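Q: In case you want the letters, here they are:
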Amino acid sequence: AQKITQTQPGMFVQEKEAVTLDCTYDTSDQSYGLFWYKQPSSGEMIFLIYQGSYDEQNATEGRYSLNFQKARKSANLVISASQLGDSAMYFCAMREAFITQGGSEKLVFGKGTKLTVNP
Amino acid sequence: KAGVTQTPRYLIKTRGQQVTLSCSPISGHRSVSWYQQTPGQGLQFLFEYFSETQRNKGNFPGRFSGRQFSNSRSEMNVSTLELGDSALYLCASELHNEQFFGPGTRLTVL
Chain A
1 AQKITQTQPG
11 MFVQEKEAVT
21 LDCTYDTSDQ
31 SYGLFWYKQP
41 SSGEMIFLIY
51 QGSYDEQNAT
61 EGRYSLNFQK
71 ARKSANLVIS
81 ASQLGDSAMY
91 FCAMREAFIT
101 QGGSEKLVFG
111 KGTKLTVNP
Chain B
120 KAGVTQTPRY
130 LIKTRGQQVT
140 LSCSPISGHR
150 SVSWYQQTPG
160 QGLQFLFEYF
170 SETQRNKGNF
180 PGRFSGRQFS
190 NSRSEMNVST
200 LELGDSALYL
210 CASELHNEQF
220 FGPGTRLTVL
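Heads up: the sequence lines are chains A and B, in that order. Sequence positions in the first sequence follow the numbering used here and run 1 to 119. Sequence positions in the second sequence follow the numbering used here and run 120 to 229.
Treat the hints with care, as some may be off.
Computed cross-link-like contacts, DSS-like style, restricted to lysine-lysine with a CA-CA straight-line distance of at most 30 Å [unchecked claim]: (1) K3(A) - K176(B); (2) K114(A) - K70(A); (3) K70(A) - K132(B); (4) K73(A) - K176(B); (5) K73(A) - K3(A); (6) K176(B) - K114(A).
Calculated directly from the structure, the hints in this document are not laboratory data. Quick caveat, the model's predicted, so the values are computed rather than measured.
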């Protein structure tokens with residue numbers, strides 16, 4: 001069963017506007033972590049933001065914020081004031097309970113959303 | 120502080136050959152994970168090493184193997200290459216809930 005679902009294969013946004021990239025997840029663990037990564041055409045995965053399942057506040061990192069709705073199992077990424085350099089693939093990922101994974105750092109990724117920022 | 124480095128960056132091989140990819144994690148990071156990225160399957164977990172021990176393994180055939188050295192550097196090996204092994208291979212090291220990825224090795228199998 002797919003554990004991370006990103007329903008938007010592609011998104012377009014005007015420069016300086018905000019955009020929300022959707023991510024829903026499926027897990028039976030109480031303790032898990034959610035990550036967002038940006039992958040430009042160069043291929044490198046760039047860490048953007050992390051949300052722990054027990055974190056009470058939504059994570060923020062500069063222009064990035066994570067809209068975490070635990071009951072809905074969603075972890076949407078919000079990018080404010082989009083810039084042309086934000087054009088890239090964006091991946092949502094989850095790490096399930098450290099203990100049940102045998103202490104593993106394994107991440108499960110969604111299929112990604114391609115974001116295009118228009119001037 | 121240097122980031123995660125991967126060598127080589129690009130590689131072209133033919134079917135049946137074998138290949139070894141290298142990953143050096145950020146200094147002080149003991150966990151190294153490997154992922155395969157293809158257009159069809161997306162990002163898939165290969166395996167993870169911690170303190171020279173394989174801690175987790177993804178659903179890949181035995182042709183894919185890896186190891187980690189005492190300095191935390193890791194190598195992955197693919198034997199008897201198939202066309203479908205063409206992919207971007209990414210490694211990552213982790214500290215404090217941030218998995219830092221290297222630039223990847225793009226493998227093309229002809």
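Q: Compare the structure with each hint and give your call.
A: Hints and how they fare:
1. Between K3(A) and K176(B) the CA atoms are separated by roughly 17 Å; this keeps the pair inside 30 Å, and the hint holds.
2. The suggested pairing of K114(A) with K70(A) holds, with an alpha-carbon distance near 25 Å, which does not exceed 30 Å.
3. As the CA atoms of K70(A) and K132(B) are separated by approximately 46 Å, the hinted pair breaks the 30 Å bound.
4. With a CA separation close to 26 Å, the supplied pair K73(A) and K176(B) stays within the 30 Å bound.
5. The straight-line distance between the Cα atoms of K73(A) and K3(A) is roughly 11 Å, inside the 30 Å bound, and the hint therefore holds.
6. Proposed proximity of K176(B) and K114(A) is supported: the alpha carbons are some 29 Å apart, at most 30 Å.
Against the hints set out earlier in the document, a violation occurs for number 3 only.
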